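Student: The two chains are supplied separately, each in an independent frame; assemble them into the complex guided by the hints.
Chains as they are written, first to last, in the working numbering: chain A, 1 to 191; chain B, 192 to 721.
Simulated from the structure, these hints should not be mistaken for lab results.
Predicted, not measured: the structure shown is a model, and the values here were computed from it.
Glycine included, each C-beta is placed from N, C-alpha and C at the ideal position.
Check each hint, because a few of them may be wrong.
Stated by the list, open to error - Quick list of in silico lysine-lysine cross-link-like pairs, DSSO-like style, CA-CA up to 27 Å:
no., chain 1, residue 1, chain 2, residue 2
1, B, Lys713, A, Lys171
2, B, Lys462, B, Lys516
3, B, Lys195, A, Lys171
4, B, Lys717, A, Lys138
5, B, Lys656, B, Lys713
6, B, Lys554, B, Lys679
7, B, Lys717, A, Lys132
8, A, Lys150, A, Lys2
9, B, Lys400, B, Lys315
10, A, Lys2, B, Lys195
11, A, Lys138, B, Lys713
12, A, Lys101, B, Lys656
13, A, Lys132, B, Lys679
14, B, Lys400, B, Lys462
15, B, Lys679, B, Lys713
16, A, Lys171, B, Lys656
17, A, Lys138, A, Lys171
18, A, Lys191, A, Lys2
19, B, Lys679, B, Lys656
20, B, Lys695, B, Lys554
21, B, Lys678, B, Lys713
22, A, Lys150, B, Lys195
23, A, Lys2, B, Lys516
To be verified - Label pairs and their calculated CB-CB ranges:
no., chain 1, residue 1, chain 2, residue 2, range
24, B, Gly507, A, Met113, 27 to 37 Å
25, B, Gly507, A, Glu110, 33 to 43 Å
26, B, Ala466, A, Lys2, 28 to 38 Å
27, B, Ser339, A, Gln117, 57 to 67 Å
28, B, Arg712, A, Lys191, 34 to 44 Å
29, B, Gly542, A, Pro126, 25 to 35 Å
30, B, Lys717, A, Glu110, 37 to 47 Å
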Amino acid sequence: MKKDIILAGVGGQGILTIATIIGDAAARRGINLKQAEVHGMSQRGGDVQSNLRLSTDEIYSDLIAQGAADLIISMEPMEALRYVGYLHAEGCVVTSSHPFKNIPNYPDEEALMAELQALPHTAIMPIEDVAKENSLPKSANIILLGMAAKYIEILSAEALRESIAHVFASKGAAVVEQNQRAFDLGLNAVK
Amino acid sequence: MIQKRLLLGDEAIALGAIHAGISGVYAYPGTPSTEITEFIQLNAPEVRSRWCTNEKTAMEAALGMSYAGKRALVCMKHVGMNVAADAFVNSAITGINGGLVVLAADDPSMHSSQNEQDSRFYGKFAMIPILEPSSQQEAYDMMPYAYSLSEQMRLPVLMRVVTRLAHSRAGVATTTPLAQNGLNPDSERTHWVLLPGNARRQYASLVEKQTAILQSAEASAYNRRCGNGGAKLGIIACGIAYNYVMECNAMQAGIPVLKVSQYPIPAEQIKALAAECDSLLVAEDGQPVVEEQVRSLVGGNYPVLGRLTGDLPRMGELTPDNVGKALGHTSAPAFAAAENVVPRPPALCQGCGHRDVYDALNKVAAEYKDARIFGDIGCYTLGALPPFRAIDSCVDMGASITMAKGAADAGLHPAIAVIGDSTFTHSGMTGLLDAVNDNANITIIISDNLTTAMTGGQDSAGTNKFEAICLGLGVEPEHVRVVVPLKKNMEEITAIIREEIEYKGVSVIIPRRECIQTLNRKLRQKRAQE
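Excised from the complex, chain B in its bound form (with noise of 0.2 Å):
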């Protein structure tokens, strides 16, 4: 017997890009892609794996390395690929040299996120391939596809997967590891200087490719059809959906399934389905895309259901019950919810330094009527919730500097940001080079723990260096303010807030302290060592 490994599916997409010859792996942390450059850090020496200052550095520098001619992965979570998307889009226009990868782990019911976009989208938009593994074992699979079909086809493969997935233990059985692409850097000016002249004809080629692509979609064996037809209802089950509709037992209720996992969609097997059958079930974790896809396949009358029609949710990540009543299964669970149960939420550590910075901030705000705290994206977005409800908005990586400045320009006094230090150099700094140019009145709370705490601790970008950056941008030496988030320095903290606010101008104080949870892992690790 052969011996599975036991991988999450971000691992088995690492081990996947690994085998596959990746060079180069390019990321910022974010929840549920995280897992997949941690396992290249820890597992593949030989593959250029640093965490990047955010999803567009990562993608222009996977673009660089594809240029050069070997292999590149980049990983974001869903919203990372908004950051991505220049760099994104204009990727497939001027195609690729090496092959490219990229992973988009989105988050239907928003486990760790602000909205649950479908990144499938973005691939349509792009109007590249797209792969959307049902399985570990797939995901695994997939990488050499993807990394071949991006090379055949020279252009980024998107590969999308859910929270579901990514987040999920399987056994993956594993290849032979491939080679990595020797160095071989393109020569073609005409196809990445894209000035109008050489865009318009590079993207004629794109239009151009839409068939090959169409094609390969068409005759993938990751899209097949289960199952005869001549019955009532028939099933498209894309991605993990496909596990869901196994689950209820489709087949041997005697429906057919088409499993999609590479999109565009085949189009041809979705009207052969369709006229065998009476009506089609579209089963997709995410927006629909693929059901309003079909619904303009198929034509007018012709019954298509599923998230728009209400037989599956609109919102949420599907699950075996959800799909299981789509398809008419009615059961009562045995016991009812239990009484005795309240919602237990996510608090921040206690030791932890963004409290002593929400104790001192709340104090001041207190003696100010119209005190309000633009918060941002990380752990510290947890100010939000009971003890401290401190924060007034959260709302994209960086936001909290410019909503600061933008609210402060309409007259709003004292205008507060608060943002980690992983987010400010994700896209904090030009936002405050914004205000530092606008002279705005504003005070900005960089709470620097020395890492990305929220996905778990990895390197952050800008570790010593943010009073360099904040001067290098323009701010008055005398307004960068470093403290201890301590509550011995509680009086100090206050007062410096205070003297800050009063200041007419943009200030920035660093509470600096390690996360409890870094400090606490290196200690076990010290002690381990001893």
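One chain only, chain A, in its complex shape (with noise of 0.2 Å):
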């Protein structure tokens, strides 16, 4: 089995937070993973990308190639639409639908979110509202994370659970159970 994911959002929205926490439940189980990040200028406000790719068989690449992808998880809707190229027929799209607007000349929001839902699988979900409705205005990437948990398959939405305390336990029993409880709304919100 096999899963080959692209991050993508805007630098200092912590998709790489969203990678670590995948990377330690595929540790943790001996599932294989490669993980091809972007460091230095481009982090500068600019668009990122991680490409994650996880298997239980040896992994080559650490680039995904072109209309491979099973999953696409994005903190930006422009940003995820950035990557459909890569996406594979069947491959679905996790995404914030809030935009951010740091350039002059960011697209139509209402054609973008229509050639975003047109993609045949979608979830999309205004996370950083929802991340504000429940104080948890620093956790909008883990409620992402839960929304994508179920398309990530080869690791079990517990497994990723348990990865959160691994990768905040520096940080304290509260903020483990503030983004435990921002992972659980985005589970929740996908069916």
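Tutor: Quick look at the structure:
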């Protein structure tokens, strides 16, 4: 079994934290993983993405081929669309619907959402609003991970939940609890 | 089950070096190499690991540690090799005492760089062994091997990686660490004093070592043949190109693959593969270094395919897509590129002091018809993009000052240089001395944010020393001006820039305010402690 995931967002939105949690869960269960990250100049408010590959077999390439990704997990709707060329025909897109506008020529929002919703498998939610309503303003990315949990398959939701505890352990029990709550919010929002 | 550690390629290299018993790491930050030194700083207090002023000082200090008998690592991004080149090439002439590994992290596709030069050329130029791991595990495993190879050949070893290995994470199994070497300074002065008489002998010795270096590559476990011959096409897969070839199911298609991770190229293995196949494809990330050598090895009419023939793209990194295409795979993506997507370039952070510097500079520069602003390398290079569009050049570390000087020599006025604090100590100071000695009519802005910000906030070598450095190099005290780049000071800053442009000589303006990223990190840490 394999799962090829593209994580997308804007520098500073926390996609690498999502990758760290999935990575922790994979390492603990002996699932092979390769995860290419973006460091350096583009982290300054530019588009960032990470290729995350999980497999029970040996993984060779650090990069996912076009048309081969099973899942796009994005903190931002336009950034989700940026990588549709990498998605295979039955691939899923899990994304925030909240646009991050730090450029003057951001596309028309309605057209953008229409294009996203035209894809066969999507889960779209205003995760930042949900985070604020639930007094979890820093955990929008973990809500998104919860939404994606159902599609990750190669790792169970429970495994991811456990890894949230491992990854946030150094920040104290309260932070772990907040993030697990955020995860459950996302998990329960996707049917 | 032994749980593997999830490590970036850079971290695997760092841990491999620690476990190989290094006593020191010497480096200047540069994407994609920075995390190697950071990992050692964080995890190996017994290893000397403070950042160096530039790649040349790093290379020389590492050679000094090797001279004293201990194992040393020096790390840099590919363009850093240009800065270190004098010391690097001559370290092959002196040879080494304690093992010495030079790690060059190349950046094909220029994700964070101004060119995609291939460091393997430098290794060949210096005539030393080169290692190029294909995976994080191999990067880790290769470090102890590299050090023993270095000590066996009495030569530095170059390890070359690319961004996709450096910044990609995978599970790595570790082995028992080796102890550090004891202090054992070399006493053979004829090796180290490169007067022409000694240098000729040392060069002859280096030439003589080439046979052993080649034999080592021919016999290396890192160069291995996968699959049988008799096929139409054979593939030579160098470094991480091997991964893309395997991803494209070359083996299942019955295509023999020669995996190459140690250089010089294993000539006998390549000739054998060529003899069994009708043509060879050379897959290598970076420039066609091996492709050119294979062409001359197999001779005139034998078809060698690769970047030079257009079977692979001439520039940019390899991907599973372009390697697949070279192997004749045709795949149409399920979805066409989206319509409602526009580029999102990086930008200076909100609240960054460089923003105020460019606001002030743009205001004053607009008052002069011929004003030119020579930029440099760092976060502030982003001043080239909207909304600022403030700089006219960015070439190499330190070039802002010296290019401004040359342009001023030609009669351009005002010639303004913008350089960051870390870049100034890296390679700007010597240019400033030239400018002072020639009384060049230039205005230099040292935009000091108290850190090496672009690469993530490493210590900057000149912090708290800039006024003293400028005065020491001979800038007139009344023309070394310090300002705080904040909106509320805009009037004062623009007035000072005007005054210094009007001064006929070298002036230095130092806008100083802490990097907003570093400041926020410190505040977060403080809050966490409370």
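Student: Hint by hint, note whether the structure agrees.
Tutor: Evaluation of the provided hints:
no., hint, result
1, B:Lys713 <-> A:Lys171, "16 Å, holds"
2, B:Lys462 <-> B:Lys516, "25 Å, holds"
3, B:Lys195 <-> A:Lys171, "24 Å, holds"
4, B:Lys717 <-> A:Lys138, "18 Å, holds"
5, B:Lys656 <-> B:Lys713, "22 Å, holds"
6, B:Lys554 <-> B:Lys679, "15 Å, holds"
7, B:Lys717 <-> A:Lys132, "25 Å, holds"
8, A:Lys150 <-> A:Lys2, "15 Å, holds"
9, B:Lys400 <-> B:Lys315, "13 Å, holds"
10, A:Lys2 <-> B:Lys195, "19 Å, holds"
11, A:Lys138 <-> B:Lys713, "18 Å, holds"
12, A:Lys101 <-> B:Lys656, "40 Å, violated"
13, A:Lys132 <-> B:Lys679, "34 Å, violated"
14, B:Lys400 <-> B:Lys462, "22 Å, holds"
15, B:Lys679 <-> B:Lys713, "24 Å, holds"
16, A:Lys171 <-> B:Lys656, "37 Å, violated"
17, A:Lys138 <-> A:Lys171, "13 Å, holds"
18, A:Lys191 <-> A:Lys2, "22 Å, holds"
19, B:Lys679 <-> B:Lys656, "26 Å, holds"
20, B:Lys695 <-> B:Lys554, "21 Å, holds"
21, B:Lys678 <-> B:Lys713, "23 Å, holds"
22, A:Lys150 <-> B:Lys195, "26 Å, holds"
23, A:Lys2 <-> B:Lys516, "23 Å, holds"
24, B:Gly507 <-> A:Met113: 27 to 37 Å, "33 Å, holds"
25, B:Gly507 <-> A:Glu110: 33 to 43 Å, "35 Å, holds"
26, B:Ala466 <-> A:Lys2: 28 to 38 Å, "37 Å, holds"
27, B:Ser339 <-> A:Gln117: 57 to 67 Å, "59 Å, holds"
28, B:Arg712 <-> A:Lys191: 34 to 44 Å, "40 Å, holds"
29, B:Gly542 <-> A:Pro126: 25 to 35 Å, "27 Å, holds"
30, B:Lys717 <-> A:Glu110: 37 to 47 Å, "44 Å, holds"
Checked against the numbered hints above, the structure violates hints 12, 13, 16; every other hint is satisfied.
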